[in-house]
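Trainee: Below, each chain spelled out in residue letters.
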Amino acid sequence: MLRVLVIKDIRRWWSDRQAVIVTLLLPLMLTAVLGISFGGFGGGAPEIEAIPLALVGDPPALLREQLERALRESGLFAPVWCDSAEADRLVRKGEVRAAVLLPGDLQQLLSPERVAIGVWKDPGSVLQADIVEQILRRGLKRVQGGEAVYLAAWPADGFPATGEPDPFGDLLAGDSLAAVWRRIRDGSAEAEAARQKFEAILDHQAALIDAFDPPAVALTVVDRTGQEAKGVGPSTNMFDYILPGMGIFFLMFAAAAAAGDLHRERAGGTLRRLLVAPLGSSDLLVGKWLFAMLNGLLQLVVLFAAGRLLFRMSLGPDPLALPLAAVATSAMLASLFLPLALLTSNEKQMGSISTGVTLFMAMVGGNFINVDQMPAVLQAAGRFTPNYWANRTFNDIAVHGRGVGDILPRVAVLFGIAAVMLAVAVAIYRRRGGKAGLL
Amino acid sequence: MNTGVIQALVTLHVRQVVADRSNLFWLFGMPLMFTVLMGMIFGDMGGGAPEAPEVTVYDESRGPASGALIAALGGHENYRIVVADSAGSWDLARSLVDAGRRTASLHIPAAFDANLALGLPAALSLAYDPDRASAQTVRTALEEAVLRLEFLSAGRRAEAGFDEARFDSIWRDPRITLEVRTLGRLGGEPQPSALTGFTSGFQHTGPSYTLMFVLMFMLMSVRDVVTQRRNGTLRRLRLAAASPWLLATGLFLGPLAVGLVQAAVLLGLNLLLPGMDYGGSPGALVLTMVLFTAVSSALALCVATFCRTPGQADGLGMTASMLLASLGGLWWPLEVVPGFMQKIAMALPTGQAVTIFHNMIGRGWGLAGNAAHLAALAGMLAVLLVLAAARFRRLVD
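Protein chains in written order, with the numbering used here: chain S, 1 to 439; chain Z, 1001 to 1397.
Treat the hints with caution; some may be incorrect.
Here are the simulated lysine to aspartate or glutamate pairs, EDC-like style, with alpha carbons at most 16 Å apart [said to hold, decoys possible]:
1) S/Lys141 with Z/Glu1150
2) S/Lys348 with Z/Asp1020
3) S/Lys141 with Z/Glu1335
4) Z/Lys1343 with S/Glu164
5) S/Lys141 with Z/Asp1091
6) S/Lys141 with Z/Glu1144
7) S/Lys141 with Z/Glu1179
8) S/Lys8 with S/Asp283
9) Z/Lys1343 with S/Glu95
10) S/Lys93 with Z/Glu1335
11) S/Lys348 with S/Asp372
12) S/Lys197 with S/Asp166
13) S/Lys197 with S/Asp157
14) S/Lys197 with S/Asp170
15) S/Lys141 with Z/Asp1020
Since the hints were derived computationally from the structure, they do not count as laboratory data.
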């Protein structure tokens, strides 16, 4: 009898093919949008768009070209030179994400004076302007460190304070280039002092360069897969995260719709006819549950197959792990909304509540954003949502490459939730008078 | 024109919405819940972290250099350093990250301090989860601490009289610095009361989820139009001498009225959230919401003409609202997606509307600054109205 009930539900579901196609396509479409937004088509490392950047300053032409070329070739920036008024306009208009204001006189960088490099950030940018700032800070840290180590090692090489001997200043003092040249050619005391200081500086710089080799610290950074991390940023194919999350999210809608079919059958009169058939006490509910589970399995199969073909999603190393997780998830979600279907009075009410519950659970349970990146309070709340356990199970398989043995505890939780919710549905059904209560 | 029919249809829609109490949850409760929860999540990602995942340090060296390194990593709000009581192996450190139990684990081998003192390379190993923001922060902090050690060590090797105190002093207070400023939206120097850029996750999620739920509620009501068509209500109205134009106008204005009330309440309640305001142009705010709500209503009417069953209406309505929200930048700021995705977003009403909100909040732009985006919304409205009217006429005639 159960088989007949399930076949009947499948036929009813298949009769509205357009809705079926939408149900199967929507998760794929949304996965594509999310994946392309954050991981690039076909998976792999996220593609970063070059950040439009304004450069303000008046360095010599050669330095200007080299700086611009280096920034452009890094692939991180799309620089444009302009004056400060234009930079202000571009930043405020959002045409560049930030402006970097170099000192008006680059000689300042080689003087004892304190120098500030300015950064103007786009007020409408929530991310890229911060990236510009962080990269500049990291680069500047090396310059600052270099100056600190040099001056701590050879303080006499530092910029002379007022009143102290200044070999280069003394050599270059004068009102003409010819006077400077005569001092150098004649081997004057000023030229000798400058030569000695110049040699000392070169010796010190050579010594410092040598001192960096070998590096004092051999830092090894490995990511979760045990591979040495090359760059900074996520290493996982984003689709491994996104696709199961979206799949479970839309499976919740499908499960709610399957449970809500009770209301549609009641409104259409088929439920009344069904109830006069010789059904067991809970056959109707179990039939709905079986149909919802098969429907969910089909959705997951289509989704993972497409995810593998289109987005190179990982299906995990263990061929049994993914099917087991899919069955457990489908069983759990199929039972999740059955009690609600029995407690609501019509399809609209059921739809409204189930959609609200689905959206809330998806948000807190990690279907939209990885639970690990949520605030602690939401992480704790997430554990009380059934979809959290499904998300974790699929993450274990696709992201962490775990097998059946590793996922068994979570699969047990999923089957446990399925059993409890099905039992609750049967209890509600019986408490409300069985078949008569459905009408 | 028989405005009575339009009035009746609008009143009918409003009454239908109000009669079902669960609609109140959809109109106001759900959007607010999303705004607050997603605002918390965005705020965390932006740096103000209530979450502080553990980073375990296995210090087998237990010397001054390793102690200084651990101290340099501490005091960050995105993670908390826990030095393990017992010395652990590199395999243990890695296994914790592999199992997802730690965001990162640092292993300092026993020879670390001794090697540094002898001028030999000192090994250091970090296992981290690159998909976690907190792990990225740990890595950055560790690399800066290692950089300092590199400089310090090079100074010691290069010159016997290396002055560590002077090094530390210059390292902490460098001569060349970075002066960062976010250009305030009031122009010129930032004002004390002005928002400087986006200072709160709610500044994105508040407007975004208002737009999303206005759109979603409209598209969810597509089912009502399909049901009215299937049960013959529209045909009966048509027979009662209501022209297709009147019917279409009534079905367009009803959801528009509800949507405007929904938007006004949500935008008002959003103001209670930390850091929220909408800039200094009420005119731009009102016009944006009127145009966006009208576009949503016209779109819903269009979608309704393509659906034959309530099931199709639900599916298509949900598909359209989810795709428009995600592609249009309502789920995340558009600047994080590739350039071609940003261009797609600008072809959608959601992308235009959320850009106007970002411009109002971040840049303080009003009607003039947002004129192009407002014109784009008006253009979309015109196209959708023409399409909806044409489709609807074919449907009821």
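Trainee: Quick one, are S/Lys141 and Z/Glu1144 close enough, alpha carbons at most 16 Å?
Mentor: holds, 8 Å
Trainee: Between S/Lys348 and Z/Asp1020, is the straight-line Cα distance small enough, at 16 Å or below?
Mentor: holds, 9 Å
Trainee: Would you mind confirming whether the straight-line C-alpha gap from Z/Lys1343 to S/Glu95 stays at or under 16 Å?
Mentor: holds, 14 Å
Trainee: For the pair we were handed, S/Lys348 and S/Asp372, check the Cα-Cα distance against 16 Å.
Mentor: The hint is violated at about 35 Å.
Trainee: When you check the alpha-carbon spacing of S/Lys141 and Z/Glu1335, does it fall within 16 Å?
Mentor: Measuring from Cα to Cα gives roughly 27 Å; hence the hint is violated.
Trainee: Please work out if S/Lys93 and Z/Glu1335 have their alpha carbons no farther apart than 16 Å.
Mentor: holds, 14 Å
Trainee: For the pair we were handed, S/Lys197 and S/Asp157, check the Cα-Cα distance against 16 Å.
Mentor: Within the cut-off at roughly 8 Å; holds.
Trainee: Verify the proposed pairing of S/Lys141 with Z/Asp1020, using a straight-line Cα cut of 16 Å.
Mentor: This hinted pair is violated, its Cα atoms lying about 61 Å apart.
Trainee: Do the alpha carbons of S/Lys197 and S/Asp170 lie within 16 Å of each other, as the hint requires?
Mentor: Holds, at roughly 12 Å.
Trainee: Sort out whether Z/Glu1150 lies within 16 Å of S/Lys141, counting only the CA atoms.
Mentor: holds, 12 Å
Trainee: Compare the distance between the alpha carbons of S/Lys141 and Z/Glu1179 with 16 Å, and conclude whether the hinted pair is satisfied.
Mentor: holds, 14 Å
Trainee: Check the hint pairing S/Lys197 with S/Asp166 against an upper bound of 16 Å on the C-alpha distance.
Mentor: Holds, at about 10 Å.
The structure shown violates the earlier hints numbered 3, 4, 5, 11, 15.
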